[in-house]
Each structure stands twice: as structure tokens, then as C-alpha cells.
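So the sequence lines, in the order shown, correspond to chains U and E.
For the first sequence, our numbering gives the first residue as 1, with consecutive numbering after it.
For the second sequence, our numbering gives the first residue as 1, with consecutive numbering after it.
Think of the hints as simulated: they come from the structure by calculation, not from any bench.
Cβ coordinates follow ideal geometry from the N, Cα and C atoms, glycine included.
Warning: the hint list may mix true and false statements.
[Unchecked claim] Which residues of chain E face chain U? A partial, calculated answer using Cβ under 7 Å: (1) H96; (2) F113; (3) A120; (4) E123; (5) V124; (6) H128; (7) R139; (8) R140.
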Amino acid sequence: MATAVGDRLTTVWTGLDRRHHLALAALVVGVLAVVPLVTNNEFLMNTLVLIFLFGTMGHGWNILGGYAGQVSLGHAVMFAAGAYTTAILFVYYGITPIVGIPVGGVVAAVVGLALGAATFRLRYHYFAMATLAAALIVRVIFFRWEWVGGATGIEYPFAELGTLASLTFRGNLPYYYLIGGFALLTTLFVYVMDRSKLGTYLKAINMDQAAAESAGIDAFRYKSYAMGLSSLITGVCGGLYAQYVLYIDPASTLRLLRNIDIIMVAIVGGIGTVLGPLIGAGVFITVREYTRTSLSGTQTGLGYVIFGVVLLFISMYRPGGILNRYGGRWDD
Amino acid sequence: MSTDTEGETEADSATTSAVRTDAASVLEVDGLRKEFGGVTALDGASVEVREGEICTLVGPNGAGKTTLFNCVMGAFPPTAGSVRLRGEEITGQQTHETVQSGLSRTYQIPRVFPELTVRANMEVNQRHGDESVLATVFRRTDAETEGDIDRWLEFVGLASMAEAEASELSTGQQKLLNIAAALLRDPDVLLLDEPTAGVNPGLVDDIAGMLAELNEAGRTFFVVEHDMEFVRRISDHVYVLADGTNLVDGPPEAALNDPRVLESYFGR
Numbered sequence: 001m002a003t004a005v006g007d008r009l010t011t012v013w014t015g016l017d018r019r020h021h022l023a024l025a026a027l028v029v030g031v032l033a034v035v036p037l038v039t040n041n042e043f044l045m046n047t048l049v050l051i052f053l054f055g056t057m058g059h060g061w062n063i064l065g066g067y068a069g070q071v072s073l074g075h076a077v078m079f080a081a082g083a084y085t086t087a088i089l090f091v092y093y094g095i096t097p098i099v100g101i102p103v104g105g106v107v108a109a110v111v112g113l114a115l116g117a118a119t120f121r122l123r124y125h126y127f128a129m130a131t132l133a134a135a136l137i138v139r140v141i142f143f144r145w146e147w148v149g150g151a152t153g154i155e156y157p158f159a160e161l162g163t164l165a166s167l168t169f170r171g172n173l174p175y176y177y178l179i180g181g182f183a184l185l186t187t188l189f190v191y192v193m194d195r196s197k198l199g200t201y202l203k204a205i206n207m208d209q210a211a212a213e214s215a216g217i218d219a220f221r222y223k224s225y226a227m228g229l230s231s232l233i234t235g236v237c238g239g240l241y242a243q244y245v246l247y248i249d250p251a252s253t254l255r256l257l258r259n260i261d262i263i264m265v266a267i268v269g270g271i272g273t274v275l276g277p278l279i280g281a282g283v284f285i286t287v288r289e290y291t292r293t294s295l296s297g298t299q300t301g302l303g304y305v306i307f308g309v310v311l312l313f314i315s316m317y318r319p320g321g322i323l324n325r326y327g328g329r330w331d332d
Numbered sequence: 001m002s003t004d005t006e007g008e009t010e011a012d013s014a015t016t017s018a019v020r021t022d023a024a025s026v027l028e029v030d031g032l033r034k035e036f037g038g039v040t041a042l043d044g045a046s047v048e049v050r051e052g053e054i055c056t057l058v059g060p061n062g063a064g065k066t067t068l069f070n071c072v073m074g075a076f077p078p079t080a081g082s083v084r085l086r087g088e089e090i091t092g093q094q095t096h097e098t099v100q101s102g103l104s105r106t107y108q109i110p111r112v113f114p115e116l117t118v119r120a121n122m123e124v125n126q127r128h129g130d131e132s133v134l135a136t137v138f139r140r141t142d143a144e145t146e147g148d149i150d151r152w153l154e155f156v157g158l159a160s161m162a163e164a165e166a167s168e169l170s171t172g173q174q175k176l177l178n179i180a181a182a183l184l185r186d187p188d189v190l191l192l193d194e195p196t197a198g199v200n201p202g203l204v205d206d207i208a209g210m211l212a213e214l215n216e217a218g219r220t221f222f223v224v225e226h227d228m229e230f231v232r233r234i235s236d237h238v239y240v241l242a243d244g245t246n247l248v249d250g251p252p253e254a255a256l257n258d259p260r261v262l263e264s265y266f267g268r
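Please model the complete structure; the sequences and the hints are all you need to start from.
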């Protein structure tokens, strides 16, 4: 059934022209915009905020991993770069996150480009291993680096909460629109990129790098573009995450599973597709949050078992993700 | 740059310089050597491709033809020797730099981007400058390139399949797409690696016709080929390579009928 639903979604989306895409998107955005007006359910709002946040991170990863085919296992580094920059600028220097979040995105882009410069010569799993190694090294450094709070991390000052300058809020609603707005902006960007020169070149590099170079494409240059954009988006997500949870530490921003979470939303939704990360985040976060809050606890770990089984079924019956860019061919 | 080997035949020495056009050299490969570990794939091979000619490279399996192509295109750097395009040294350039310098190539086994449409495959080959990231995000192609894409797809007979995925094309059609895509860059020299391999006889005729038409219009080709009938049909000048070095070069009939060439293919 998952296969049929996924195929149907893929067919419907690819069968529509640009005008209908925008109309459909406007409808979905319109519905999401009024959701907070009809319900204030905390669980629902939190889940939707997390879907926006992880969907956007998935978009970021997808530009590099899905489009350019450079599977990064170290995107938590860029996420942490954005989160720490935002928090440090605000907590240590009093610089508003309105400035701190974009600066965090730029810092993450610079970190990503440096990582890319060192690792883009590597292909396939060697690149993935190198990025994972970078993530593990940065994690250890941040645990021991006292200036950034070491293992205890950085906490937002309680007295500053709720002010516009701090960009922190006392309910979920402003975060819903703030993070949702960035998710929308990122989705539009990826939609445009998918049909652009960059999107076409990245897909070509992904399919056959040697042939793309024979077409005159400087693979290193375009992969760097992908890395810069991917890291920028992930870094901004890190900053938004810091604003949302008001506390960051290496255990939450740089844990091994953070790298995997970012990838999972893209893989579940369909790598190399425009809407895959958002749809993947919808499924991934909803199942995770529901099983975690309702079926897990001190007496039972059933939530994670069910969560794992759901992911297993998706990978078995929809190996290319819910929106499968490769049609059924991955099943062959 | 004819081969000065000892024991040069009369036919060879009589034909190499006499019949060949005196047009300017476009591509000059001089003393190219390539070693892979202990194996010498190219041992001082030299080739000169002149403006407006179809120059063909033949030789038995293992002669080093594709290695020479790969070294010229920058797929891997030569151990020694030089490659010059319109007099400018391009030896050791990376592939994308070589392409931007003015060479394009196709492969023996066609290489398309299977999940991209035929049109998008062409777009991959549009000219790439020093574009900023934003310029590549908010543009797909320009109107002039769009027109050129239509023109070349029409030329190779793939216009009606422009929106089909390249994976849906037959091998022969994929070869045509490779040729059209390479032509989009308007290269100084187009290198074709076995354009007739795996292609049905009807399409071989079509490809020969296309090359003749393009050559008539002034395009220069450097072709690796095994089909001797095809070589005789299209070539202005033929180089024969054996064991990584030049054996003979000259007009097709003279070069291909040289006893040393027959010996290199069939043995004594």
C-alpha cells in the first residue's frame, strides 16, 4: 500500500505543471497557516514545529546528499555551528538572534566549505566516512571546550525570554510561524533550484561525475556550491533550534543520531526530490513523537520498537523514499 | 607529424605529406607516454589533427587508442609528452578545463544521464563560465543555447524525444545524443571514441552522413574506430597505433594497406 500511495503521490506531483504546483502549495500553506487558529493542542503544535525544522534540515542535507550525491554523515557539525554561533552571540555578547541566526548560517556555510575542500576528492562511502569522522571529532572538542560551555552547554538567560530582541517566545505559536516561514522559503528555493542550471548539473554529477566533467562541468565547484547552500540552511536551522529549545549542548546538537535524523527525513521522503524532505519529516517526526511520548517511558521501550518497524517497512517497500525519484527502479 | 620509423614503406613515405591538406594544426599530441604501474600503455605516440579534417586513429586492441584519448582529454595525466590545442599547452589539464579549452568527446559505450530528459542532457553540455552560485540557481539556460539545443537535436533526429528520459533511448540514440551534446559546445575538435560500436548498419550510414555534412561545414574530428570500412569512408588522414606507439600514418587506403599494419592486426 505504501508503494501505491507513494507512486500515486509521485505521479500526481510530476504530472502537474508549475502553475498547478504553486496552486497546490498555496492550498497546503493556507491550511497550515490557519491550523493554530483552530487548535492550540501542544502536542500537535510541537510536532508541526519539529516537522518544519527537520524538514528544512532535510532540504539542506538533500541539496548535497540527494542532488549532488555526496552523502554527508556529518551535517550535525553545521547544525551545531549555527546553533552555537546564535547562542554565543546572544548569551555572551548580547547580539540579537535576528542577526545571530543569519550569521550562524554563514559560519555553518564556511565550516561546510572547509569540510568540503578537505573531503570532496573522496567519493562514495569514503566521503561519508570522512564527514562522520569530522562530526565525531567536533563532538569531542565541544564536550571539552569550556568557552562554549563544555558538556553543560549554553543556556539562554531566563530574564531575557519573551522579548523581541531575544527572538524567544512563551508559546509555540510564534515559533510555528517563524520556523514554518523558513521551511516555506527553503522549499521554494529548492523548487527553483531543482529546475535550474545548478539542479541539473548536480543531478548530472550525481549520476556520472566523469561524464559530467566531460561535459565541461567543474564538479568540485558545483559540489562546493551545494555544500555551501546545504550548510547555510542547516546552520540557520541550528540557530532556530537554539531559539526553540533555549538550551544547547554537545549531547543534543552533536550526538551521532543528529547526523542520522537529518538524513532519515530525506531518505524516508525521497532523496533528490523537492518535497521528499518535508514529507519524510512529516512521517518520521509524527511517528517518532507519537511513539516516544505515548508508547515509551520508564516501563517500556515499545515506542522505539514500533518506530523502527515503521522505518523498516518504508525501506522494504519504498526503498527510494515515499516520493521515489527513480520510479520503481530501485526495487529491481 | 608523420612517423619517421625505420623501414618506412614507399607507399607510406609517398603519401603522408603529399596528399594531406596544408591546413593549420589544431590538435598536436607529441611523444605522449603513459605508464600504469609497470605497464606502458602509450610509448611516445604523436598525432597531429589539422583544421577541417577527419583524422582517424586505428590499431589493434591494446594499442593505446583510448588511453591516448583519455590523456588528451585530461581523464588522467600523461607520464610524459605534450598536448597542444591551437598552439596552447593543455597537457595535464583536468577534464572540465580541457573541454572549456575547446575539446569535446564521446565514449565507446554511450554515457548519458539516465534520469534526465534528453533536453536536460543537452543542457548539461551548455557552456559553463565563472558563474556565481545565484546565477546558476535562478537560470536554466539562455535563449540562444535553447535554440542551439533544438537545432542539434533536430540534426541527429532526436527532436521528437526531447522530453523523454535518456534511459528510454536505444544505444544508438544515446550515441546520437552524445554527439549532439558534444556539438552544443561548438568544440575546436570533436573526439569520437568508436562512434559505430554497437550500432546497427543503418545508423552507421547515418552517422557517416552526419560526420561528412559537419566536416563539409568545417568541423574537425579526431576519431577512434575499429570498423575499417567506416574509417575508409570518412577519414582524411589515418594514424595507426601499435603497442602504444605510431606505426604508420597517411591517407586511409595507403595507411590501412601498409604491410606493417596488416601484420600488427593479423601477425605474420
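- Item | List of violated hint numbers, smallest to largest | No numbers; nothing is violated.
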